[in-house]
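Read left to right, the sequence shown gives residues 38 to 706 (my numbering).
These are calculated hints, taken from the structure and not from any lab test.
Watch out, some of these pointers could steer you wrong.
No farther apart than 16 Å at their CA atoms in a straight line, the calculated lysine to aspartate or glutamate pairs in the EDC-like style are these [said to hold, decoys possible]:
(1) Lys529 / Asp213
(2) Lys649 / Glu534
(3) Lys592 / Glu534
(4) Lys402 / Asp213
(5) Lys529 / Glu600
All of these numbers come straight from a predicted model, not from anything done at the bench.
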Amino acid sequence: MTVVRPRPAPVRPAPRASSSLSTSQRLLGRDWRLAAVFIGPTLLLVAGLILYPIVSSVFTSTTERHGAETVFVGLDNYTALLDDTVFHTGVLNSFVFTAYAEIFKVTLGLIAAMMLHHMRRGRAIIAGVILLPWVVPTVVTAFTWRSLFDPIFGSVNVLLTDSGIGPALAAIGLVDKWPAEWLSDPALAMPAVILVNVWKGIPFFTVTFLAGLKAIDSGLYEAAMVDGASPWQRFVHITLPGLRNIMIVTVLLSSIWTFNNFDLIWLMTQGGPGDATAPYVMVAYSKAIQQLQLGAGAAVTLVMMPVIAILVVILVRMMRRGDVPGASDLGRRRLTPAQRAALPWVVVVASTLILVWASPHIVWKAALVLGVFVVLAAAVGRVVSTLAARGNQLAARLVSGTGTGIALVGLLGFVLAPLYWMTVTAFKSDDQIVARTNDLWPTPWSTEQFTNLFTGRAFGTWYVNTILVSVASTVIALVCAALAGYALARLKFRGSESFTVTILLTYVMPGALLFIPLYQMMSGIGLNDSLWALVLAYPTFTLPFATWLLVGYFKSIPADLEEAALVDGCTRFGAFIRIVLPLAKPGLLAVALFTLTNAWNEFLFAFVFITKDDYKTLPVGMQSMIFGDVVPQGQLAAASLLISIPVVLMYGFGQRFLTEGLTAGAVKG
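Make a model of the complete structure from these sequences and hints.
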């Protein structure tokens, strides 16, 4: 029997999408008009406040001020740096400061993260406490530690003397004499500011590494244990490879920040004693602002730009690696396995040799201190492994718990001691501070410092100025970042990839490269000594990060929801307002929290742009409270407490949104 089947209807080819597009849409992308509206504000700010100032700085570096005139001198400012010993010292100081700080932050942050990772209870609370040094403003960090290191009114020397640790440090040569003059001794000033930078940076490394440890598949550890791998072998072959990418990104990002640090060192030592702690950024500030030689100062920052550019390019490649299919294998294809294995050791050996040459008086001390931490951690791990191998699980857990408990107590003591000192000093009377009675407890508790702070100074005005500038710059950054982030995540237009790369580049662009041309720009338009100067300048470091984070967060929102709204007749902008923004609330709150706290804590731009008391913000106002050698310890502690409370409360209430926003944004972005 023959079955006759009807012939299927001929399939017509689907019309090309480009047939319904205009010529401009085919050339510039389907959504280029809407994208121009969404990206326009961010593009204007990035071009006007970041790209143009950098280009302007290049021209400025070829000029020199002669009296009231500015003349073209070509490359003279650059050639003069070849014989400038102050500049050479500044570059070496920046390298030494960065290298030692990163080594200690990586090591101690990794140890802390592994301890927290293996905790079953209280991990979130301890992680929140450890985060406090990173949250509090830099001006608070600097003045608190400066007070602690004070040889007359500080408690570091007293506690170390009473415990016998101080004389022991002098006996083994870690300090030349005791009592130590931490910030006035050229041999101790640099280690002291490195210590403070490590104190402030450990939380960032700990939290980042802890997130990386959670992402490692636990099945790998179980399989390794079945195969008989020791804890050290599991650490080397599973933990370190699993943390490699996040460790590289964290170190690079922190290195860029640390290498261009100005506020912490300036507030603690102002580069002294002599030039012992002055980084290259301070050399640029001295030439451009104090000596009014903008060309020479610009040359200093631009000479260091290739070093920063190398770090930035590597960082951008690492941060974008997850967005490009196959990009994670790109570096592997270019390097052989032997080269990949040798590359980290080459970097370590080269950095060590440079450190030995640049700081022979510090390198052996740092190696000794770091070695103590590493040896103690390895010894505890070895004992636990041996006991477990012999089947004595109870003793292994007891040793592990005891070692972890002691280490956590030491870590929390290191983290909380300066904050405790700041708090109790704020409630001491001037008589108690001078008399040095009961250093660790106010007797009696007094509000004298807070009363003097508001009655004798313009502290209230500084507080209001900080609120106004922080809120205004946050609103600008949030609105522009939301529009640009949505366009980069959803709209189709030519140049979106290039603009995303530009955002990443400007995100990690240090303020050290911008403060001179921005100062020149603000002076040219008459905005110096004006809060508007800060409102316009602060988006240079808040807007790129906000945009990058929201790009990732918008990508994590299903596009089907918008398409359904478009089918129902909603416009693209309407879908953005009614659908996307409500769903992106955690990301928006995370961005608002970061931009607000960064503006609240900012020092360099406010220090350069503002000289009148009526327009100073809190960080700059607190710095101006010091007159020569007269340091109002109690009032600075009270001011530090008042400036820290809003930031800590914001992080406390916004922690859930911050975690959710950063997780989605960082993974997708």
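Quick rundown of the hints versus the structure:
Among the hinted pairs, lysine 529 with aspartate 213 is inconsistent with the structure: their alpha-carbon atoms are about 64 Å apart, more than 16 Å. The straight-line distance between the Cα atoms of lysine 649 and glutamate 534 is roughly 43 Å, outside the 16 Å bound, and the hint therefore fails. Between lysine 592 and glutamate 534 the CA atoms are separated by roughly 14 Å; this keeps the pair inside 16 Å, and the hint holds. With a C-alpha separation of about 12 Å, the suggested pair lysine 402 and aspartate 213 falls inside the 16 Å cut-off, and the hint holds.
For the hint linking lysine 529 to glutamate 600, the alpha-carbon distance of about 14 Å falls within 16 Å, and the restraint holds.
When the structure is compared with the earlier hints, violations turn up for hints 1, 2 and for no others.
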